[in-house]
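For the record, the sequence lines run as chains A and B.
Going by the UniProt record's numbering, the first residue of the first sequence is number 1, and it counts up by one from there.
Going by the UniProt record's numbering, the first residue of the second sequence is number 1, and it counts up by one from there.
You may find that some hints are simply not true.
Pairs count within a copy or across copies, as identical chains cannot be separated in the list.
Capping the alpha-carbon separation at 27 Å, the derived lysine-lysine pairs in DSS-like fashion look like this [said to hold, decoys possible]: (1) Lys257 - Lys397; (2) Lys160 - Lys417; (3) Lys295 - Lys523; (4) Lys160 - Lys315; (5) Lys354 - Lys409; (6) Lys354 - Lys420; (7) Lys160 - Lys317; (8) Lys471 - Lys22; (9) Lys409 - Lys295; (10) Lys160 - Lys420.
Just so you know, these hints were derived from the structure itself, not from any lab.
Protein chains: 2
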Amino acid sequence: MESDYGLPRDLSHLQLARSLYKPELPPCLQGTTVRVEFGDATTALDTAGANAISQSFPHTYGQPLAHFLRATSNVPDAQIISDHPAIRVGLVFCGRQSPGGHNVVWGLHEALKIHNPQSTLLGFLGGSEGLFAQRTLQITDDVLATYKNQGGYDLLGRTKDQIRSGDQVNAAMAACNTLKLDGLVIVGGVTSNTDAAYLAEKFHQSQCPTKVVGVPVTLNGDLKNQFVEANVGFDTVCKVGSQLISNLCTDAFSAEKYYYFVRLMGQKASHVALECSLQSHPNMVILAEEVVASKLTIFDITKQICDAVQARAEKEKYHGVILLPEGLIESIPEVNALLQEIHRFLRLGISVDKISSRLSPWASALFQFFPPFIREELLLNPESGESAQLSQIETEKLLAVLVEAEMSKRLKEGTYKGKKFTPICHFMGYQARGSLPSKFDCDYAYVLGHICYHMLSAGLNGYMATVTNLKESLEHWRCGAAPITAMMSVKDYGRASGSMTIGKPVIHHATVDLRGKVYELLKQNATKFLMDDVYRNPGPLQFDGPGADSRTVSLLIQDLDYMGRIKELNMYLDKVRSIVKPGCSQDILKAALSAMSSVTDILSVMSSPTNGSI
Amino acid sequence: MESDYGLPRDLSHLQLARSLYKPELPPCLQGTTVRVEFGDATTALDTAGANAISQSFPHTYGQPLAHFLRATSNVPDAQIISDHPAIRVGLVFCGRQSPGGHNVVWGLHEALKIHNPQSTLLGFLGGSEGLFAQRTLQITDDVLATYKNQGGYDLLGRTKDQIRSGDQVNAAMAACNTLKLDGLVIVGGVTSNTDAAYLAEKFHQSQCPTKVVGVPVTLNGDLKNQFVEANVGFDTVCKVGSQLISNLCTDAFSAEKYYYFVRLMGQKASHVALECSLQSHPNMVILAEEVVASKLTIFDITKQICDAVQARAEKEKYHGVILLPEGLIESIPEVNALLQEIHRFLRLGISVDKISSRLSPWASALFQFFPPFIREELLLNPESGESAQLSQIETEKLLAVLVEAEMSKRLKEGTYKGKKFTPICHFMGYQARGSLPSKFDCDYAYVLGHICYHMLSAGLNGYMATVTNLKESLEHWRCGAAPITAMMSVKDYGRASGSMTIGKPVIHHATVDLRGKVYELLKQNATKFLMDDVYRNPGPLQFDGPGADSRTVSLLIQDLDYMGRIKELNMYLDKVRSIVKPGCSQDILKAALSAMSSVTDILSVMSSPTNGSI
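Required output: the full structure, derived from the provided sequences and hints.
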């Protein structure tokens, strides 16, 4: 199998055309010098946990933000790096394949060669296992030729998602030492970037000279925080998903007799389902975050859907489209409790056929209530020892069956008088992941690849590559890097349990913010979506012409560019300093003092730990 | 619900851009005159059945082909129609929604208005039931605005597929009489166009003045014969399907641990599965036509897949993609026999839970062998009294389960030594049907709509609109019309039974020709596809730039343009006549006589009924 990696391949006409597309670089990355400006030292997202985080990361916590600047920009403090020795860099794909991943490799390779043609990029074959086993492929222009702007991770492959255990970390360090790597680039999501931070700290402690940097590539879109506006892959996956959902909407509306239940990717967060809803306007979407917040039971959810079906039937509408994220099932409190029991027994090595008899009476009652196919799926071994195998649990089918039963009951009792309810189920889990990446993801990933070089060139360790102002066109993108530790917290406000847990500092999955603008947009339109069939079709992913440059709604309507605003704030502070110099009038000083003291008072209160959710 | 038809709607950016796209017209349809040239009288596809067909269609059998010519073309016999009274035309969507259907309405409306602004186009609301109930929507530019180049049938909706029973035919006739229609356009596939032919004959017999014409719109692509090269919708559905299959291939190749079993549309014929295979190069495809030809049992098919999995495992490959058409299950001889028994009991009104005990011993054994989910699905009521509910039968899951069991057995017995086989199942039945239509389908449907006007203007009854030379660019398309009876046969070489049956003359579903060029291309590549992972991604449907004008492989590599070649033959015959005029030399006459006698001898033998398959 291994010999298949990075082989040239036959491309379709469109694939070929895409392989010849070359993303632009934002002004700040053009040219052959690297200019980096360091900002203030960073704190952690989770102010209350800052202490714990700094203890876990004595060497890599509190590092400053880094901004990469254009060669001509007039920033006095910027450090200019004009010496570019040949360096050796390794890159590893961690976690699930996301469209655009290949372009990180390409961008990094380009940047390495621009600055020193003697530099070397090694791709680890077969993901983290390839890293541990030191299996590499030297990246060249020839190797890249048929992988530029193409989907999948098949240039290098992937395996496990983790570089975490002592053995794994040591194997990674051995690989970096043996291969004499100056840098190791980890491409992945929340887990992989957390691992990158621990690796960076450990390498520093062990005096391993390899710098470790991360790149936010995950189609779930849940690696979001003030530094990271978007993840590579999310744009593509939402566009492919929306196209299909819209096709189903059109289909439902044409045939007028089916309800489509569609399960989408999104285990820990429902960003994909939310974005697709805003693109396609299906009749209904149930986000895991809503279920957690409202503590809805499976019966509540069933009733909600039944009431919607009934309201539509009263308007002579017997079709509809309902979206669910795959993480929904785990977010339902009683199902989650049942899953926890099952997983405990599985971990104890109790065989599957014995488990149902050992469940607590309450969990057992729920288990027996479920149709056989769901029972079988709930009994599957959890993934990586934590989460259930959500891709295998047919929540859409479960809900369809429960709704069907309830509608029949209502029909019999005479409370529902419409036509028969006919559900059809779909799981859109794998059709999108391998797609040709959208122009946005191609550009974003390529630029991130370039930034990786700049980070390594500036000697950064334990940082993640960042691009901000992404909602604007590429020439306005700002490039930088943020310490990964600044994105960590020890508290988890995650939804599965609905309550807060305290653990090791990690980057947590960013869930849908129910007080945020994106969710608000959905809520404002929910009734219209439900009743009026205002279906909308964003159409298939375009590479030319109308639609080719579209962005996700999630990106467009959020208040982003945190890094840009941090810079703006610094500008204000500098201005105050330059106005209020010794020699200025008493009045000016007094005004400045009063204003600043009130600003600091307000900010102190707002950022006190007791006040702080994220 | 009804008030929702034809409403303006919110369009996405891309939908809006598409709604502003206007297809060109081929030269022969430009201008405001209609010129029609009639060819020779047609015979039937099924020469042996010609007699039976002519008896069923005394008034509409044997009509000549019609060719529509450009206003300036120099054809002496062409009839020029320059009088264009205002006419009233009705249009009805029959059968399943196919991308592009809306453009037939648009093209027809345009052509009507170009030739006489007083003409009226009525769309029947809710398909054939709307026709029977005389529910109409007057088509205007405003109504069309948000439906041009858009998918679905939601402008008018659809219901049942048939206009066949006495009551239905009478209701249709009453509608045409009451609404004073000069023409009725039936948009649909094999069944609907057969109904159109019977309706035309019946209207003529009953002196109803409405002319009935058909348009070949069916995403299955199985309305193919010497007159019809392609069906509206097939291009789009194959492109959307191929994109998703290719995404799965990339996904499989990146993750290297799953076998994807993908069921595609195609109940009576496997054209979609064949075309998608040639686009995406999955590892394996099993066509229903192959199963019929080789009389493969479910165990044969399972073994075939297992052997493939094993061969790949020996090369360390544990992933793959396998395509199946939804009609596969009915093509398996023993399953088909079982389905026939079940359907007989269902027709007798025997309740589902009693059926399994009344099956013949052999059918019962097979039934009991199947996993419970398949048993339930096999017991579903057949569609329209004929075929099983193929969209509901999870053949992909059945095969995945059987292959999994067999691989475990081989593993236990030690004949297979590889890793565990992990299947994941997908059904791509509904995601493609509602897609924005491809440029090809937009153009083709729009042109067919125009042809409908020309047909009605020429007074044709019982004809289907045809465009040939479709593999060339639009300016080379030839437009015409062929009597629907010429596409009929009484023998059915259909695959379900594997044997020939004789019935009423109808258009039969054209199945994949196992001796044809398209299938040959698949066979030539089958081993490479299976073993070498030469996956190819045609990418998402494009409307601009590279790929926007691509055609299906099925269209490109077939010998088509039958109508063009008929014209070419007539040219030869005319030439012979003009050379061999009274007064020519004895030698020339002798040479002509000898050559013509041998040609006619050969053709007589070749076209004798005993020799004749289609």
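Structure-based check of each hint:
1. Lys257 - Lys397: Result: close both inside a copy and across copies, 17 Å intra and 25 Å inter.
2. Lys160 - Lys417: For Lys160 and Lys417, the Cα distance is within 27 Å only across copies (23 Å; inside one copy 52 Å).
3. Lys295 - Lys523: within (18 Å within a copy, 56 Å between copies)
4. Lys160 - Lys315: between (50 Å within a copy, 21 Å between copies)
5. Lys354 - Lys409: between (33 Å within a copy, 24 Å between copies)
6. Lys354 - Lys420: Between copies, since 23 Å is at most 27 Å while 39 Å is not.
7. Lys160 - Lys317: between (47 Å within a copy, 17 Å between copies)
8. Lys471 - Lys22: Within one copy only: 20 Å inside, 32 Å across.
9. Lys409 - Lys295: For Lys409 and Lys295, only the intra-copy Cα distance (25 Å) is at most 27 Å; the inter-copy one is 45 Å.
10. Lys160 - Lys420: Close across copies (17 Å), not inside one copy (46 Å); limit 27 Å.
Checked against the numbered hints given earlier, the structure satisfies every one of them.
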